[in-house]
Each structure stands twice: as C-alpha cells, then as structure tokens.
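Trainee: Here's the letter readout for the chains.
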Amino acid sequence: DTGVSQDPRHKITKRGQNVTFRCDPISEHNRLYWYRQTLGQGPEFLTYFQNEAQLEKSRLLSDRFSAERPKGSFSTLEIQRTEQGDSAMYLCASSHWTGNSNQPQHFGDGTRLSIL
Amino acid sequence: DQQVKQNSPSLSVQEGRISILNCDYTNSMFDYFLWYKKYPAEGPTFLISISSIKDKNEDGRFTVFLNKSAKHLSLHIVPSQPGDSAVYFCAASAIGTYKYIFGTGTRLKVLA
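Taken in order, these protein sequences are the chains called A and B. The first sequence begins at 5 in my numbering and counts up one residue at a time. The second sequence begins at 106 in my numbering and counts up one residue at a time.
Looking at chain A on its own, in the form it has when it is part of the complex (with noise of 0.2 Å):
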C-alpha cells in the first residue's frame, strides 16, 4: 500500500495526559499537511511542510500543539495537556509540488482521538 498511513488509528487518554501521532506521507510526496476534523464538520487546516520546513500553521494550532517532519519524510503531531476540545480526527495528507500545477492532496484514514 502506497498511501498516506497514520499510526494509531485511535487514541484514548485521559484528560492533562499527551500525546503524538505519526503520519507517513506517499513517498515521493514533498508537502505534508495536518487537519483536525469534528462531527458533523469538514476537515479544518492546522498546518504544512514543504519538505523539512513548516510554512504555515492555523490559529487553531495553539502553543500545545507541535508538528515536526525532521527529515522531510515522516511527521509527528503532539499534543501536550490534552483537553475535552482536542478529540476530533486528526487527518494528514500528502501531495507532490511542482511548482507549476495545482497537485490534490491525498489523505490518510486519520487518527481519532477521545479525551476522558
């Protein structure tokens, strides 16, 4: 399978506790990006990289919440002091920028996060 793959599926914990998700992108894909999505809701912007660098980040990304992608492959989302308000499905995509043509986003089947 080459797809985009996250890693947990779902994640239960409780309330103060962190947490980290992984996505792996599709292979030769440069961008990355993150989303948070609740019921009922569209998949909302969080933040992206263009290889190792994050270009962007949401004001939904508050000073609890870091993204990496050390090398420009893989990339972590960690979330300290988790709160009630952060369970949602947290989505990662993945596409492959040329610099001339538009290119969709391809997304992973996400990781579902409850806070008890």
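Incorrect hints may appear among the rest.
Label-pair distances were calculated between CB atoms; the ranges are [unchecked claim]:
hint : chain 1 : residue 1 : chain 2 : residue 2 : range
1    : B       : Gln186    : A       : Arg19     : 41 to 49 Å
2    : A       : Thr80     : B       : Gln119    : 41 to 49 Å
3    : A       : Thr17     : B       : Gln119    : 41 to 49 Å
4    : B       : Asn162    : A       : Thr17     : 38 to 46 Å
5    : B       : Tyr144    : A       : Glu87     : 27 to 35 Å
6    : B       : His181    : A       : Gln58     : 34 to 42 Å
With a straight-line cut-off of 20 Å between C-alpha atoms, the simulated DMTMM-like cross-links for lysine to aspartate or glutamate are [as the list claims (entries may be wrong)]:
hint : chain 1 : residue 1 : chain 2 : residue 2
7    : B       : Lys142    : A       : Asp113
8    : B       : Lys110    : B       : Asp136
9    : B       : Lys142    : A       : Glu48
10   : A       : Lys75     : A       : Asp11
11   : B       : Lys110    : A       : Glu48
12   : A       : Lys61     : A       : Glu82
13   : B       : Lys143    : A       : Glu48
14   : B       : Lys176    : B       : Asp106
15   : A       : Lys61     : A       : Glu72
16   : B       : Lys204    : A       : Asp113
17   : B       : Lys161    : B       : Asp136
18   : B       : Lys176    : B       : Asp136
19   : B       : Lys204    : A       : Glu56
20   : B       : Lys204    : A       : Asp28
21   : B       : Lys214    : B       : Asp106
22   : B       : Lys214    : B       : Asp136
23   : B       : Lys204    : A       : Glu87
24   : B       : Lys143    : A       : Asp113
25   : B       : Lys173    : B       : Asp160
26   : B       : Lys204    : B       : Glu120
27   : A       : Lys15     : A       : Glu87
28   : B       : Lys204    : A       : Glu48
29   : B       : Lys142    : B       : Asp189
30   : B       : Lys142    : B       : Asp164
31   : A       : Lys75     : A       : Glu56
32   : B       : Lys176    : B       : Asp129
33   : B       : Lys173    : B       : Glu120
34   : A       : Lys61     : B       : Asp160
35   : B       : Lys143    : A       : Asp11
36   : B       : Lys204    : A       : Glu72
37   : A       : Lys15     : B       : Glu147
38   : A       : Lys15     : A       : Asp28
39   : A       : Lys18     : A       : Asp113
Calculated from the structure, these hints are not laboratory results. Cβ coordinates follow ideal geometry from the N, Cα and C atoms, glycine included.
Following the hints, position chain B against chain A.
Mentor: Same frame as chain A, but now just chain B:
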C-alpha cells in the same frame, strides 16, 4: 465565517439516476476546487478537481462544473451506483496558498 458552503446535508437518489451535489463559496481569491468522497472510518478520497480557468472537468461518471460569476460549483455523478453512497466534501484553495477550505459535507445515499 464559512467560506465554502454545502447547504444540503443529505441527498437520496435512485440507482442509475443522476446525483447533483452543490457547493457555494464566498472568497473570490479561490482558484482551485476539489471534490472528495468519504466513507465511514476512512479518510477523504480525492475524486476530481477543477481550476478557475476552466468551467467543466470530466472523469468517467464524475463531472464538476464551475460557475465563477455565481461562485458555485457542482458535482454530477451519472449514473449513480449504490457504492457511491458516502459523504461528499467540496474544498477550495486560494491563489498562493496551499491549505484547503472544506465545506461541511453532503451525505449521498443511492437507493438500489
């Protein structure tokens, strides 16, 4: 401020008939539009896209129409099949940005 709106939360269509899903947007800077399909417990799957220089794009049973003056796009599925039953999201991105703004989705049910 919902920049991308899907005003129909659900739609039911008979198998073999046409499904038409609609999407409206408010930001005139959007220049790239996409439709995604989502099954339960899976991530969104890319279906079809259109750039603002076109008004129509076809891929098999799927056609996307863009009306820039009305800030409206639609997805036509012909003929509809039971396997098309899913939630459909439209998305848009603005010139010079790479994040997608999504609508809230339309749940399509194709009845056999």
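Trainee: Now tell me if each hint is right for this structure.
Mentor: Each hint tested on the structure:
For the pair glutamine 186(B) and arginine 19(A), the supplied restraint of 41 to 49 Å holds, since their beta-carbon distance comes to about 44 Å. Distance hint check: the CB atoms of threonine 80(A) and glutamine 119(B) are about 46 Å apart, consistent with the given range 41 to 49 Å. At about 45 Å, the CB distance of threonine 17(A) to glutamine 119(B) agrees with the hint of 41 to 49 Å. Evaluation of the 38 to 46 Å hint for asparagine 162(B) and threonine 17(A) yields a pass: the beta carbon distance comes to about 43 Å.
In this structure the supplied range 27 to 35 Å holds for tyrosine 144(B) paired with glutamate 87(A), their Cβ-Cβ distance being about 29 Å. Between histidine 181(B) and glutamine 58(A), the C-beta spacing of about 38 Å keeps the proposed range 34 to 42 Å intact. Between lysine 142(B) and aspartate 113(A) the alpha-carbon distance is near 12 Å, which keeps this suggested pair within the 20 Å criterion. Of the supplied pair hints, the one linking lysine 110(B) and aspartate 136(B) holds, its CA atoms being roughly 16 Å apart against a limit of 20 Å.
A threshold of 20 Å between alpha carbons decides the hint, and for lysine 142(B) with glutamate 48(A) the separation of about 16 Å falls inside it, so the pair holds. With a C-alpha separation of about 18 Å, the suggested pairing of lysine 75(A) with aspartate 11(A) holds against the 20 Å cut-off. Among the hinted pairs, lysine 110(B) with glutamate 48(A) is consistent with the structure: their alpha-carbon atoms are about 14 Å apart, no more than 20 Å. Distance check on the hinted pair: lysine 61(A) and glutamate 82(A) sit about 14 Å apart at the alpha-carbon level, within 20 Å; holds.
Pair hint lysine 143(B) plus glutamate 48(A) holds up; C-alpha atoms about 15 Å apart against a cutoff of 20 Å. With a C-alpha separation of about 16 Å, the suggested pair lysine 176(B) and aspartate 106(B) falls inside the 20 Å cut-off, and the hint holds. Between the alpha carbons of lysine 61(A) and glutamate 72(A) the distance comes to roughly 12 Å, so the proposed pair stays at or under 20 Å and holds. In summary, the hint linking lysine 204(B) to aspartate 113(A) is supported, as the alpha carbons are separated by about 18 Å, within the 20 Å threshold.
A hinted pair counts as satisfied when its Cα atoms are at most 20 Å apart, and lysine 161(B) with aspartate 136(B) qualifies at roughly 14 Å. Straight-line distance between C-alpha atoms of lysine 176(B) and aspartate 136(B) comes to about 11 Å, which keeps the hinted pair within the 20 Å bound. Between lysine 204(B) and glutamate 56(A) the alpha-carbon distance is near 17 Å, which keeps this suggested pair within the 20 Å criterion. Between lysine 204(B) and aspartate 28(A) the CA atoms are separated by roughly 19 Å; this keeps the pair inside 20 Å, and the hint holds.
Pair hint lysine 214(B) plus aspartate 106(B) does not hold up; C-alpha atoms about 28 Å apart against a cutoff of 20 Å. At most 20 Å may separate the alpha-carbon atoms for a hinted pair to count; lysine 214(B) and aspartate 136(B) exceed this at roughly 30 Å. Distance check on the hinted pair: lysine 204(B) and glutamate 87(A) sit about 25 Å apart at the alpha-carbon level, beyond 20 Å; violated. Restraint check for lysine 143(B) and aspartate 113(A): satisfied, since their Cα atoms lie roughly 10 Å apart, inside the 20 Å limit.
Under the criterion of a C-alpha separation no larger than 20 Å, the hint pairing lysine 173(B) with aspartate 160(B) is consistent with the structure, at around 8 Å. For the given pair, lysine 204(B) sits about 35 Å from glutamate 120(B) by alpha-carbon distance, which is inconsistent with the 20 Å threshold. Only pairs whose Cα atoms come within 20 Å are accepted, and lysine 15(A) paired with glutamate 87(A) is accepted, the gap being roughly 14 Å. The straight-line distance between the Cα atoms of lysine 204(B) and glutamate 48(A) is roughly 9 Å, inside the 20 Å bound, and the hint therefore holds.
Pair hint lysine 142(B) plus aspartate 189(B) holds up; C-alpha atoms about 9 Å apart against a cutoff of 20 Å. Straight-line distance between C-alpha atoms of lysine 142(B) and aspartate 164(B) comes to about 14 Å, which keeps the hinted pair within the 20 Å bound. Of the supplied pair hints, the one linking lysine 75(A) and glutamate 56(A) holds, its CA atoms being roughly 6 Å apart against a limit of 20 Å. Our distance criterion of 20 Å between C-alpha atoms is met by lysine 176(B) and aspartate 129(B), whose separation comes to about 6 Å.
Proposed proximity of lysine 173(B) and glutamate 120(B) is contradicted: the alpha carbons are some 31 Å apart, above 20 Å. As the CA atoms of lysine 61(A) and aspartate 160(B) are separated by approximately 32 Å, the hinted pair breaks the 20 Å bound. In summary, the hint linking lysine 143(B) to aspartate 11(A) is supported, as the alpha carbons are separated by about 19 Å, within the 20 Å threshold. Taken as a hint, the lysine 204(B) and glutamate 72(A) pair is honoured in the structure, with Cα atoms around 17 Å apart against an allowance of 20 Å.
Restraint check: the Cα-Cα separation between lysine 15(A) and glutamate 147(B) comes to about 16 Å, which is no more than 20 Å; the hinted pair holds. Restraint check: the Cα-Cα separation between lysine 15(A) and aspartate 28(A) comes to about 17 Å, which is no more than 20 Å; the hinted pair holds. Taken as a hint, the lysine 18(A) and aspartate 113(A) pair is broken in the structure, with Cα atoms around 23 Å apart against an allowance of 20 Å.
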